Structure formats: C-alpha cells, structure tokens
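Novice: Next come the chains, spelled out residue by residue.
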Amino acid sequence: MSVKKTTTIVEQLRRAQMSELLAMNKRLDGRGLRDYRELRIDVGLIKKANGSALVSLGNTQVIAGIKVEVDEPFPDMPDKGLFICNAEVLPLASPYAEPGPPDEDAIELARVVDRGIRESEMIALDKLVIISGKKVYAVFADVSVLNSDGNLFDATSYAVVAALLTARIPKYDVQNEMLVKSEETIPLPINTIPISVTMAKIGDSIIVDPTAEEEACMDARITMATDEHGRICAIQKGGSGTFSPEQLTEIANIAISIGKERREKISNLAARE
Amino acid sequence: MSRLMSEEGIRIDGRRWNELRPVKIEVGVLKNADGSSYIEFGKNKIVVAVYGPKEVHPKHMALPDRSVLRCRYHMLPFSVEERKNPAPSRREIEISKITREALEPALILEDYPRTVIDVFIEVLQSDGGSRCAGITAASVALADAGINMRDLVAACAAGKVGGRIVLDINDEEDKMGEADMPVAYLPNLKQISLLQLDGKLTADEYRECLNLAISGCMQVYNMQREALMKKYFSTADKGGEDEEE
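Chain order of the listed sequences is W and F.
Each residue of the first sequence is one higher than the one before, counting from 0 in numbering that gives the first Met the number 0.
Each residue of the second sequence is one higher than the one before, counting from 0 in numbering that gives the first Met the number 0.
It should be emphasised that the hints constitute simulated quantities derived from the structure, not laboratory data.
Only a predicted model underlies this, so the values are computations on that prediction, with no experimental measurement involved.
Treat each hint with caution, since some may be false.
Said to hold, decoys possible - No more than 27 Å apart at the CA atoms, straight line, and that leaves these computed lysine-lysine pairs for DSSO-like:
1) W/Lys79 x F/Lys199
2) W/Lys126 x F/Lys96
3) W/Lys126 x F/Lys199
4) F/Lys229 x F/Lys96
5) W/Lys66 x W/Lys47
6) F/Lys83 x W/Lys79
7) W/Lys264 x F/Lys199
8) W/Lys79 x F/Lys189
9) W/Lys170 x W/Lys134
10) F/Lys96 x W/Lys133
11) W/Lys134 x F/Lys174
12) F/Lys42 x W/Lys259
13) F/Lys42 x F/Lys174
14) W/Lys126 x W/Lys170
15) F/Lys96 x W/Lys134
16) F/Lys83 x F/Lys42
17) W/Lys66 x W/Lys180
18) W/Lys133 x F/Lys189
What the hints assert, rightly or not - Facing chain W, according to a computed beta carbon distance under 7 Å, are these residues of chain F, among others:
19) His56
20) Lys58
21) Arg89
22) Ile92
23) Glu100
24) Glu103
25) Pro104
26) Ile107
27) Ile191
28) Leu194
29) Gln195
30) Asp197
31) Gly198
32) Arg206
Positions of the beta carbon are idealized from the N, C-alpha and C atoms, including for glycine.
Throw the hints in and build the complete structure from the sequences for me.
Specialist: And the structure:
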C-alpha cells in the first residue's frame with residue numbers, strides 16, 4: 000500500500016506548460032513525441048557475473064547482472080530451466096528513494112521486465128536442463144537502478160536483455176548422475192530479442208520514453224514488449240488515468256514499429272564487447 | 000486441435016468463444032463495512048469490503064485536496080490448490096497496485112479531502128481471472144459505500160486459447176493457453192483503466208482481443224447494475240432498463 004504525492008502548484012503549472020508544448024508536438028527537452036533519449040549499453044564490465052550490462056537512457060542509469068546456478072526444476076516443469084528477475088531502486092538513485100525492501104513500484108518493475116522476457120520466450124528454458132527433473136540451470140537477473148530519471152521499465156529491460164545476450168554460463172558434464180563442471184563456457188540459448196517500449200499519456204498526447212519530470216505530470220503509462228515477429232508479448236498499464244480503445248490501437252502500432260527499429264540497435268550495442 | 004478447444008469450437012468447460020462463465024454478484028454482505036459485495040465468477044469466490052472515507056492514520060499520509068485510495072488484493076491460504084503463504088506475495092502486491100489504478104479514475108476523490116478509502120479484496124476461492132472479478136466486485140462495493148463516482152468499473156479478460164481469440168479465460172486456459180489479457184473498462188466514459196497481457200498476440204489479434212474484452216466488460220457492467228438495483232430498488236422493473244450493446 001503506497002500512496003502518490005500530491006500535486007503542488009508548481010507541478011500544476013509545469014503540467015500546463017508541458018501540455019501547451021505537446022499540443023505543438025514539442026517536449027521540454029526538445030525531443031519529438033516518438034523520440035528516445037540517447038541510449039548507451041556497456042556489457043561485460045562485472046567479471047564476477049556471468050553476464051552484465053550498464054545501460055544509460057538519458058540520465059536514467061541501471062546496472063544488470065546475471066548469475067547462473069544449478070538448481071532443481073519446479074515439480075510441474077521438470078524439463079525447464081529457471082529464470083528469476085529482481086529489481087531494486089538503490090537509495091542513491093534519487094532524493095526520493097529510500098532503503099528497505101522493494102516497494103510496489105520496484106516489484107511492478109521487476110515483474111513487468113520479467114513478463115517481457117518470459118512471455119517472448121527469449122531464453123530457451125527447455126535447453127537449460129542438465130538432468131531431466133533433477134538438475135537445471137537457474138538464471139538470476141538482478142537489476143539495480145543507479146540514477147532514476149524516468150522510464151525505468153525500458154532501461155531495466157534493455158539492461159537485462161543485453162546482459163543475457165552476452166552471458167557465458169559454465170558447461171557441465173554428467174558422469175554417473177554427478178555433475179562435473181568443465182572449463183568451457185557456453186552462451187545462453189536465445190530464441191528472440193524482446194524490445195520494451197514505454198509510453199506516457201499527458202492530456203491527449205502519447206509520448207515515448209518519458210523523463211521523471213514527464214512521469215510526474217502523466218495521466219497514465221503503458222509498457223508493451225514485442226518479439227522479432229512483431230507480436231506483442233507483454234503489456235502493463237500503470238498510473239491513475241485511462242486510455243481510449245483508439246489510443247490503445249495507436250500505442251500498439253508505435254510499440255511494434257519502434258520495437259522493430261530498436262531491436263537491431265540494441266543487439267548491436269550488446270554485441271560490441 | 001488442442002485439448003483446450005474442440006473441432007466445433009467448444010472450450011474445455013463447455014463454453015463458446017464469446018461466452019462468460021456464470022456470474023453472481025451480491026451487494027451489502029458484510030455488516031461492519033461501509034460498503035461490501037460478494038462475487039462468484041466461474042469458480043472464483045471473492046468478498047470485498049470498503050471502509051471510508053475516514054480519517055487517515057498516520058496523519059502525514061493525508062492529502063489536502065483529495066482522498067487517498069488504498070487497495071489490498073489478498074488470497075486466502077486455502078483458495079488455491081497448494082496452500083498459499085498468507086503473507087502478501089509479489090504477485091498480490093502488483094495486483095493491489097493495478098487494482099487501485101483501475102478504480103481511481105472512476106472515483107471522485109476530490110470530494111473527500113484529508114481522508115482515506117480502504118478497499119479490501121479477499122479471494123476465498125480462486126479461478127482464472129480473479130483480478131478482474133476483484134475489480135468488478137470492488138467497484139460495486141464502492142458504489143454501495145455511497146462514494147461519489149464518475150462510472151462503475153467492469154473488468155473481464157480476453158485471450159488466445161487453442162489458436163482462437165476467446166472471452167473470459169478460466170484457470171486451465173490461463174495456464175495452458177497462448178495469451179491472457181485482463182481489461183478493466185469504464186462503460187460510460189468508454190475508457191480503459193486496466194490493461195495487461197501475458198502471452199503472444201499479433202497486432203490484429205490484439206485489437207480483436209481488446210474489442211472482445213470490452214464487450215465482456217459491458218455484460219459484466221449490466222450485472223453490476225442489476226445487483227445494485229436489486230439491493231436499492233428491489234421493486235424496480237428490471238426489464239425496463241435500456242441495455243447498451
């Protein structure tokens with residue numbers, strides 16, 4: 000149970016100014032309505048992790064690390080590896096962030112990023128089985144927000160995707176039902192690259208990649224992840240406002256077309272080790 | 000053909016693609032609450048209580064210009080196949096949040112500054128679609144509490160099962176099907192206040208799902224209205240209401 004801050008007079012004035020600009024298809028930072036901020040991805044900077052990525056999306060900065068362990072599969076899914084995604088907003092990430100267990104926003108963040116990766120079937124979990132029903136790889140993706148300036152959903156998703164794409168996991172040989180870790184490492188089995196696109200509704204305008212300032216003024220937010228066939232595989236609406244059915248059709252078209260053009264960019268950035 | 004959908008297009012529980020499960024809504028089931036409701040939606044059995052508008056504790060949480068809405072979605076330990084730990088799970092925390100965000104646009108919170116409105120959704124028995132049933136019942140309980148509202152909120156999922164777009168996914172279809180898309184709709188304002196998706200849909204399937212879910216929400220809306228009229232205007236002529244859609 001958490002509660003949003005109230006709207007101060009200055010915030011109301013800011014919102015009015017933002018709406019005026021949006022009516023002319025302009026934003027406070029000079030971007031167009033469909034433009035992303037500059038994206039940077041650095042991979043492999045944490046050598047102790049199986050995979051890692053530092054993502055900057057404008058001033059938003061997040062770091063993702065992949066740790067892979069051997070675990071038992073879930074009883075109802077004996078032939079599937081495990082994927083577990085966690086996210087936290089570190090206390091150093093913003094003046095409003097506080098230490099403590101993840102609040103509802105951090106839980107939602109982790110679950111939405113997890114949904115995009117799981118539902119697109121990015122990782123071929125059926126190829127992560129070492130001994131059927133007994134031993135599988137468990138892939139842990141942990142994300143920490145270092146600097147929070149809006150659109151944590153996309154920054155976090157890109158960081159996890161880049162870290163997974165470049166992760167190396169140990170290879171195990173099975174000898175008499177025992178696992179022997181070999182020197183060799185292998186990449187994770189990847190099916191597709193999901194791309195998350197987050198949009199905010201302010202007044203009647205739909206903008207892509209909102210900053211923290213824009214998020215403070217938005218009516219509602221929506222995140223859509225698409226796979227490389229242009230299929231939508233995860234959606235989450237957030238915020239206290241609403242969308243019309245027509246807006247939701249427009250939003251899906253934006254998510255699909257931006258997903259297409261950004262997929263290559265993100266896989267190229269991630270490949271540049 | 001998959002086991003979830005027969006050649007004739009009949010689903011695992013005998014429904015057609017555009018049919019809801021049986022729904023029953025009752026209003027005013029808990030004496031202590033300011034508003035309450037009970038819903039059965041397929042095998043879902045959910046009770047909702049609303050307390051407020053009332054004084055806020057701790058006081059610093061109060062807002063000077065409007066009421067604070069708090070929602071808790073919670074599943075009882077025996078509501079599912081394997082006992083659920085009674086402590087709130089990450090899933091329940093997320094659903095509590097999206098439930099609040101689905102209901103807020105319907106409430107005129109500015110009418111009750113410096114107060115709190117608590118909504119408690121307790122799932123006694125769970126089937127697929129418990130978040131939608133919870134939102135549907137919560138909106139009826141808020142109306143029962145006499146809180147000023149712009150609209151009711153009706154919720155219903157659509158999805159893809161056995162290759163077909165279908166209305167109102169049950170538990171089995173949710174686990175084995177291809178996609179589940181819960182939607183909450185404000186029928187008079189024609190606005191969507193909840194949208195989630197798990198699973199893959201093409202752009203065309205997505206549009207089809209959205210329209211089907213909205214038509215399901217309209218059916219749910221009529222049942223919400225009937226339940227409220229039954230409590231408050233039991234002598235009213237039920238046949239005389241103009242049915243939308």
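Novice: Decide, hint by hint, whether the structure agrees.
Specialist: Taking the hints in turn, this is what the structure says about them:
no., hint, result
1, W/Lys79 x F/Lys199, "holds, 19 Å"
2, W/Lys126 x F/Lys96, "violated, 35 Å"
3, W/Lys126 x F/Lys199, "holds, 21 Å"
4, F/Lys229 x F/Lys96, "violated, 31 Å"
5, W/Lys66 x W/Lys47, "holds, 9 Å"
6, F/Lys83 x W/Lys79, "holds, 23 Å"
7, W/Lys264 x F/Lys199, "holds, 23 Å"
8, W/Lys79 x F/Lys189, "violated, 42 Å"
9, W/Lys170 x W/Lys134, "holds, 13 Å"
10, F/Lys96 x W/Lys133, "violated, 37 Å"
11, W/Lys134 x F/Lys174, "holds, 24 Å"
12, F/Lys42 x W/Lys259, "violated, 41 Å"
13, F/Lys42 x F/Lys174, "holds, 15 Å"
14, W/Lys126 x W/Lys170, "holds, 12 Å"
15, F/Lys96 x W/Lys134, "violated, 36 Å"
16, F/Lys83 x F/Lys42, "holds, 17 Å"
17, W/Lys66 x W/Lys180, "holds, 16 Å"
18, W/Lys133 x F/Lys189, "violated, 51 Å"
19, His56, "violated, 12 Å"
20, Lys58, "violated, 13 Å"
21, Arg89, "holds, 5 Å"
22, Ile92, "holds, 5 Å"
23, Glu100, "holds, 5 Å"
24, Glu103, "holds, 4 Å"
25, Pro104, "holds, 5 Å"
26, Ile107, "violated, 13 Å"
27, Ile191, "holds, 5 Å"
28, Leu194, "holds, 4 Å"
29, Gln195, "holds, 6 Å"
30, Asp197, "holds, 6 Å"
31, Gly198, "holds, 6 Å"
32, Arg206, "holds, 6 Å"
Going through the hint list in order, the structure does not satisfy hints 2, 4, 8, 10, 12, 15, 18, 19, 20 and 26.
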